[in-house]
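Protein chains in written order, with the working numbering: chain P, 1 to 113; chain D, 1001 to 1112.
Hints were generated in silico from the structure; no laboratory data involved. Don't take each hint at face value.
[Unchecked claim] Derived DSS-like pairs: lysine-lysine, alpha-carbon spacing no greater than 25 Å straight-line: (1) D:LYS1071 to P:LYS58; (2) P:LYS105 to D:LYS1057; (3) P:LYS42 to D:LYS1053; (4) D:LYS1071 to D:LYS1003; (5) P:LYS94 to D:LYS1057; (6) P:LYS57 to D:LYS1055; (7) D:LYS1053 to P:LYS37; (8) D:LYS1013 to P:LYS94; (9) D:LYS1003 to P:LYS94; (10) P:LYS94 to D:LYS1055; (11) P:LYS94 to P:LYS68; (12) P:LYS57 to P:LYS105.
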Amino acid sequence: GENVEQHPSTLSVQEGDSAVIKCTYSDSASNYFPWYKQELGKGPQLIIDIRSNVGEKKDQRIAVTLNKTAKHFSLHITETQPEDSAVYFCAASKRAGSYQLTFGKGTKLSVIP
Amino acid sequence: DVKVTQSSRYLVKRTGEKVFLECVQDMDHENMFWYRQDPGLGLRLIYFSYDVKMKEKGDIPEGYSVSREKKERFSLILESASTNQTSMYLCASRVGGVTEAFFGQGTRLTVV
């Protein structure tokens, strides 16, 4: 089955700096890669996703890049703000067959004011 | 907005009890999932269902079962609760393989 590795497990940045979280996946058939943000006491919420037919996607201060050859994808947050502090999860999924999402172990991001 | 609702935010149960965790979604999604979240381990899939009365085991199904009698409702059952099942349980639903999964707010279960 799919295996998703996520690094780092914790990340502290100064407000205004950039944060980068990296994930690798094992199943070359995976073609959908979402990123979820989980705030304290809440369920995870999708912040951005990318499909395997594109290499990069941006949404304001958030971007995701995908390298299918190397089987890794990354989340980039620019101009970080204290409200970006949360746990972030990457995941991978396939179009066909079972529709389960396989998640990384998460990154706790702390933005220091 | 899609809504996934879990019946309880917090539950405390005794060892050996049979425990039911309920999840309801309001967007007619075919696929529903139960995950368990533990510190340092991320989200691990317990069971999922791709249609009414259909279910498949995830990565950690031992000690759990599920029921899906109606499309909108997916129940997780702990047949005989044990202390190592103390955890946060998250329900999710989605349409297909390249679409967003929507999560409930989670149920924090403590087994004493």
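Against the structure, the hints come out as follows:
no.	hint	verdict
1	D:LYS1071 to P:LYS58	35 Å, violated
2	P:LYS105 to D:LYS1057	20 Å, holds
3	P:LYS42 to D:LYS1053	29 Å, violated
4	D:LYS1071 to D:LYS1003	14 Å, holds
5	P:LYS94 to D:LYS1057	17 Å, holds
6	P:LYS57 to D:LYS1055	34 Å, violated
7	D:LYS1053 to P:LYS37	31 Å, violated
8	D:LYS1013 to P:LYS94	36 Å, violated
9	D:LYS1003 to P:LYS94	24 Å, holds
10	P:LYS94 to D:LYS1055	18 Å, holds
11	P:LYS94 to P:LYS68	14 Å, holds
12	P:LYS57 to P:LYS105	23 Å, holds
When the structure is compared with the earlier hints, violations turn up for hints 1, 3, 6, 7 and 8 and for no others.
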